[in-house]
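K.L.:
Chains as they are written, first to last, in this note's numbering: chain D, -19 to 138; chain G, -19 to 138; chain H, -19 to 138.
Read the hints as simulated data drawn from the structure, not as lab findings.
Keep in mind that a hint or two might mislead.
Which bits of chain H does chain G cover? Going by a derived footprint, with three or more residues having C-beta under 8 angstroms, they are [stated by the list, open to error]:
hint	stretch
1	0 to 10
2	72 to 78
Here are the computed distance ranges between Cβ atoms for each label pair [what the hints assert, rightly or not]:
hint	chain 1	residue 1	chain 2	residue 2	range
3	H	Asp117	D	Ser9	18 to 26 angstroms
4	G	Ala103	H	Glu115	46 to 54 angstroms
5	D	Asn29	G	Pro79	30 to 38 angstroms
6	D	Pro79	H	Glu115	30 to 38 angstroms
When the alpha-carbon atoms are kept at most 27 angstroms apart in a straight line, the in silico DSSO-like pairs for lysine-lysine are as follows [claimed, not checked]:
hint	chain 1	residue 1	chain 2	residue 2
7	H	Lys52	H	Lys109
8	G	Lys74	D	Lys130
9	H	Lys(-16)	G	Lys94
10	H	Lys130	G	Lys(-16)
11	G	Lys94	D	Lys94
12	D	Lys71	H	Lys109
13	H	Lys94	G	Lys130
The beta carbon of each residue, even a glycine, is placed where N, CA and C say it ideally should be.
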Amino acid sequence: MAEKMTLIMFSGDMDKALAAFNLAIGAASIGMEVSMFFTFWGLNVIKKNEGAIKSKGIMRKMLNFMNRGGAKRLGLSRFHMFGMGKWMMGKLMKETRSPSPQELMTIAHQAGVKFIACTNSMATMGIGKDAFIPEVDTYGGVATYLADAKDGRINLFI
Amino acid sequence: MAEKMTLIMFSGDMDKALAAFNLAIGAASIGMEVSMFFTFWGLNVIKKNEGAIKSKGIMRKMLNFMNRGGAKRLGLSRFHMFGMGKWMMGKLMKETRSPSPQELMTIAHQAGVKFIACTNSMATMGIGKDAFIPEVDTYGGVATYLADAKDGRINLFI
Amino acid sequence: MAEKMTLIMFSGDMDKALAAFNLAIGAASIGMEVSMFFTFWGLNVIKKNEGAIKSKGIMRKMLNFMNRGGAKRLGLSRFHMFGMGKWMMGKLMKETRSPSPQELMTIAHQAGVKFIACTNSMATMGIGKDAFIPEVDTYGGVATYLADAKDGRINLFI
Chain D
-19 MAEKMTLIMF
-9 SGDMDKALAA
1 FNLAIGAASI
11 GMEVSMFFTF
21 WGLNVIKKNE
31 GAIKSKGIMR
41 KMLNFMNRGG
51 AKRLGLSRFH
61 MFGMGKWMMG
71 KLMKETRSPS
81 PQELMTIAHQ
91 AGVKFIACTN
101 SMATMGIGKD
111 AFIPEVDTYG
121 GVATYLADAK
131 DGRINLFI
Chain G
-19 MAEKMTLIMF
-9 SGDMDKALAA
1 FNLAIGAASI
11 GMEVSMFFTF
21 WGLNVIKKNE
31 GAIKSKGIMR
41 KMLNFMNRGG
51 AKRLGLSRFH
61 MFGMGKWMMG
71 KLMKETRSPS
81 PQELMTIAHQ
91 AGVKFIACTN
101 SMATMGIGKD
111 AFIPEVDTYG
121 GVATYLADAK
131 DGRINLFI
Chain H
-19 MAEKMTLIMF
-9 SGDMDKALAA
1 FNLAIGAASI
11 GMEVSMFFTF
21 WGLNVIKKNE
31 GAIKSKGIMR
41 KMLNFMNRGG
51 AKRLGLSRFH
61 MFGMGKWMMG
71 KLMKETRSPS
81 PQELMTIAHQ
91 AGVKFIACTN
101 SMATMGIGKD
111 AFIPEVDTYG
121 GVATYLADAK
131 DGRINLFI
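Let the sequences and hints guide you as you build the complete structure.
P.N.:
In structure tokens:
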């Protein structure tokens, strides 16, 4: 049986998403079975890039507007500076031909990395399955995560 | 022997505390032995809600005022917006009947999750045992954590 | 064979560096084999304290100026308050005779903790090996990390 790695993607920061996808792809490429569990702000990473998410109530509308998400829209955990840090990082990554979070996400998915969206966070934030990219394989809660992580050789919270 | 999970609760953010308690409760409910090690800002999570902590020296007094803590007072890691983000999140959680950090903490404790307060951080910040809720089971340092984590199937830093 | 611990040091925050070095030293002192993998902002922790890093292009120059790093210059993840939080924490730590991040780094290295700098982050940020302290043992990417972490009893992302 393949060795397992699990990553809880709690953060919605671009830099942490880059780190997570690089770890996932590296592990998949040496034959590990990888699952990424997206929860809280991490759900932003796997949201569709197009437009706003429909949700009920003014507060959910606000929360979901602020968290429009999509891998294209993620900010940095540091030096965000109203988008300038992100723009700089984007330019540097292009120059050094580093793949973007979106490209890494596609590569990870093609390498067999499993994407799981946290249903508890979805319920609290009032977002449905239609908000997410089709690469999401599973919708599940803590029990789904624990079932994977219990046999994980490497389990990280990012 | 029961399988173990350990969580280092370094952060004092409400959202991360929610994630941690949900993981702890989930693991306890499938029979795992869970210990949560509260350190640095994470100490705020297990502080009593009532009033200021007595401490010596103006700087410690300031630091402890800023970190009054108690599970009721935790802020979000993102979108805190001078408390508005927290208020919104609180309302959404009430609407969806999601338990608060305080309620989750009680549930976790009743489910047998062990709460450990980091004595090193307590010494640096100048706070004594009387600052904490009675649910704290153990006071210990890195060695206490490592003894648990070495046999942990899942060890996370939150 | 000694039991292993691996720490990914993603963050460049002083408080998280303190936590990481304390964990590393604790584990080394009970005979564990510890490796710390410094990536992204974490690279700041192992940069030399002296002056600016030479790099090409205005944006890399700016990025590297903002990330001058060196264990002396790290800020707090919370309450940084334009350096005041850091100053207060520094004073409190001196009063309680807690070692500084720099001192802990030296102790960790002497205790046999392995320091690995992430070559991917270095390439994106345009920094060479000359930017780092001599205590760095290895330069490597994700594969280097995974080789250690696969056999790790405790693997944390900080």
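K.L.:
Are the Cα positions of lysine 130 of chain H and lysine -16 of chain G separated by 27 angstroms at most?
P.N.:
18 angstroms, holds
K.L.:
Confirm or reject the coverage of the stretch 72 to 78 of chain H by chain G under the rule of 3 or more residues with a beta carbon closer than 8 angstroms to the chain's beta carbons.
P.N.:
holds (count 5)
K.L.:
Falls inside 30 to 38 angstroms, the C-beta gap from proline 79 of chain D to glutamate 115 of chain H?
P.N.:
31 angstroms, holds
K.L.:
Are the Cα positions of lysine 94 of chain H and lysine 130 of chain G separated by 27 angstroms at most?
P.N.:
19 angstroms, holds
K.L.:
Regarding aspartate 117 of chain H and serine 9 of chain D, is the given constraint of 18 to 26 angstroms on their beta-carbon distance met?
P.N.:
Since aspartate 117 of chain H and serine 9 of chain D have Cβ atoms about 24 angstroms apart, the given range 18 to 26 angstroms holds.
K.L.:
Regarding the pair lysine -16 of chain H and lysine 94 of chain G, is the alpha-carbon distance no greater than 27 angstroms?
P.N.:
Given that 27 angstroms is the threshold and the Cα spacing comes to 25 angstroms, the pair holds.
K.L.:
Quick one, are lysine 71 of chain D and lysine 109 of chain H close enough, alpha carbons at most 27 angstroms?
P.N.:
Roughly 22 angstroms separates the two Cα atoms, so the pair holds.
K.L.:
Against the 27 angstroms threshold, does the CA-CA distance of lysine 52 of chain H and lysine 109 of chain H hold or violate the hint?
P.N.:
19 angstroms, holds
K.L.:
Please test the hint of 46 to 54 angstroms on the beta carbon pair from alanine 103 of chain G and glutamate 115 of chain H.
P.N.:
27 angstroms, violated
K.L.:
How does the Cβ-Cβ distance of asparagine 29 of chain D and proline 79 of chain G compare with 30 to 38 angstroms: does it lie in that range?
P.N.:
33 angstroms, holds
K.L.:
For lysine 94 of chain G and lysine 94 of chain D, compute the direct alpha-carbon distance and say whether it is at most 27 angstroms.
P.N.:
32 angstroms, violated
K.L.:
For the stretch 0 to 10 of chain H, count the residues whose Cβ lies under 8 angstroms from any Cβ of chain G; is that count three or more?
P.N.:
Holds, because 6 residues of the stretch 0 to 10 of chain H bring their Cβ atoms closer than 8 angstroms to Cβ atoms of chain G.
When each numbered hint is compared with the structure, violations occur for hints 4, 8 and 11.
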